[in-house]
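Add chain B to chain A, keeping to what the hints say.
Top line first, the protein sequences correspond to chains A and B. Position one of the first sequence corresponds to residue 1 (the numbering used here), numbered consecutively onward. Position one of the second sequence corresponds to residue 57 (the numbering used here), numbered consecutively onward.
Hints are computed from structural coordinates only; laboratory data are not their basis. Fair warning: there could be bad hints in the mix.
[What the hints assert, rightly or not] Counterexamples of contact, computed for chain A against chain B with all Cβ distances above 12 Å:
hint, residue
1, Arg50
2, His53
3, Val54
4, Gly55
5, Asn56
[What the hints assert, rightly or not] Covered stretches of chain B, going by a simulated chain A footprint (3 or more residues, C-beta under 8 Å):
hint, region
6, 64 to 74
7, 79 to 91
[What the hints assert, rightly or not] Each pair of labels, with its calculated beta carbon distance range:
hint, chain 1, residue 1, chain 2, residue 2, range
8, B, Val128, A, Asp10, 53 to 61 Å
9, B, Ser58, A, Arg34, 15 to 23 Å
10, B, Leu104, A, Ala17, 27 to 35 Å
11, B, Leu104, A, Val28, 44 to 52 Å
12, B, Val112, A, Val28, 52 to 60 Å
13, B, Val112, A, Thr19, 42 to 50 Å
14, A, Thr19, B, Asp107, 36 to 44 Å
15, B, Leu79, A, Glu49, 17 to 25 Å
16, B, Leu79, A, Glu38, 20 to 28 Å
All C-beta atoms, glycine included, are put in the ideal place defined by N, C-alpha and C.
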Amino acid sequence: MRSRGERQLDDADALIAQTRETIGGLRVVLANLRQHIEELEGELNTSQERDRHVGN
Amino acid sequence: MSATDTSALLAALEATEKAVDELSRKADVTEAEIRKSRRRDRILAVSLAFDVLLSVLLFIAGAQISSNQDKVNHLQHTQKVQSDTTRAAQCTMVRLFLSIEQRQIALKTITPEQRDAYGVLVNIGRDLSC
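In isolation and in its complexed conformation, chain A is listed as follows (with noise of 0.2 Å):
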């Protein structure tokens, strides 16, 4: 039989997995959200580069 200690340590190292688990998933919506940002910024610039040719 495991004792109070054991047993808070054993959901310390639940939480901690679970925790970590968030923090892939953090990392995945926020690398989705760099590339999205980059595509952005990407069609912003192609977008001010047109106006410019056509202002010209």
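Positioned in the frame of chain A, the structure of chain B alone reads:
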């Protein structure tokens, strides 16, 4: 959306990434603490088991010493009884020979050698406190 907006978004994204890195670092530290706690618990458990074992061994050793002490006491008592019995037997023999001497003196059959021998017996009897 303007270039300023995308820069702000990227800055916010970087700040979030830093926060995630910090969170990950804290998770590492917490995990190390948990490992340390488990190790400490194991050491305590081993130490407790060792203490219990030591107590049992000490108890067994104590019982053995007590038993040996009883045997020593018994042997000492036996030795004293044996010594008393030997002394009593020797005294009885001395008294027996002295009574023979008395009879020989009464019957006038004692020789000088026997008288000397009985003198030695008297000394022996005195040494034995008969």
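Taking 17 to 25 Å as the hint, is the beta-carbon distance of B/Leu79 and A/Glu49 inside that range?
Given a distance of about 40 Å, which is not inside 17 to 25 Å, the answer is violated.
Using the C-beta atoms of B/Leu104 and A/Ala17, is the stated range 27 to 35 Å upheld?
30 Å, holds
Is the claim that A/Gly55 lies outside the interface with chain B correct, judged by CB distances over 12 Å?
17 Å, holds
Range agreement (Cβ of A/Glu38 with Cβ of B/Leu79, hint 20 to 28 Å)
For B/Leu79 and A/Glu38 the Cβ distance comes to about 24 Å; the hint holds.
Could one say that the CB atoms of A/Thr19 and B/Asp107 fall in the range 36 to 44 Å?
38 Å, holds
Does the Cβ distance between B/Val112 and A/Val28 fall inside 52 to 60 Å?
58 Å, holds
Confirm or reject the statement that A/Val54 sits farther than 12 Å, beta carbon to beta carbon, from all of chain B.
It holds; A/Val54 is separated from chain B by about 18 Å at its closest Cβ, greater than 12 Å.
Against chain A, does the region 64 to 74 of chain B show at least 3 residues with beta-carbon separation below 8 Å?
holds (count 5)
Taking the CB of B/Val128 and the CB of A/Asp10, does the distance hold inside 53 to 61 Å?
56 Å, holds
Could you check that no beta carbon of chain B comes within 12 Å of the beta carbon of A/Asn56?
Correct as stated: the minimum Cβ-Cβ distance to chain B is 20 Å, above 12 Å.
Verify the CB-CB distance for B/Leu104 and A/Val28 against the hinted window 44 to 52 Å.
46 Å, holds
Satisfaction of the hinted span 42 to 50 Å by the C-beta atoms belonging to B/Val112 and A/Thr19:
With Cβ atoms ~45 Å apart, the hint holds.
Hint violations for this structure: number 15 only, all remaining hints satisfied.
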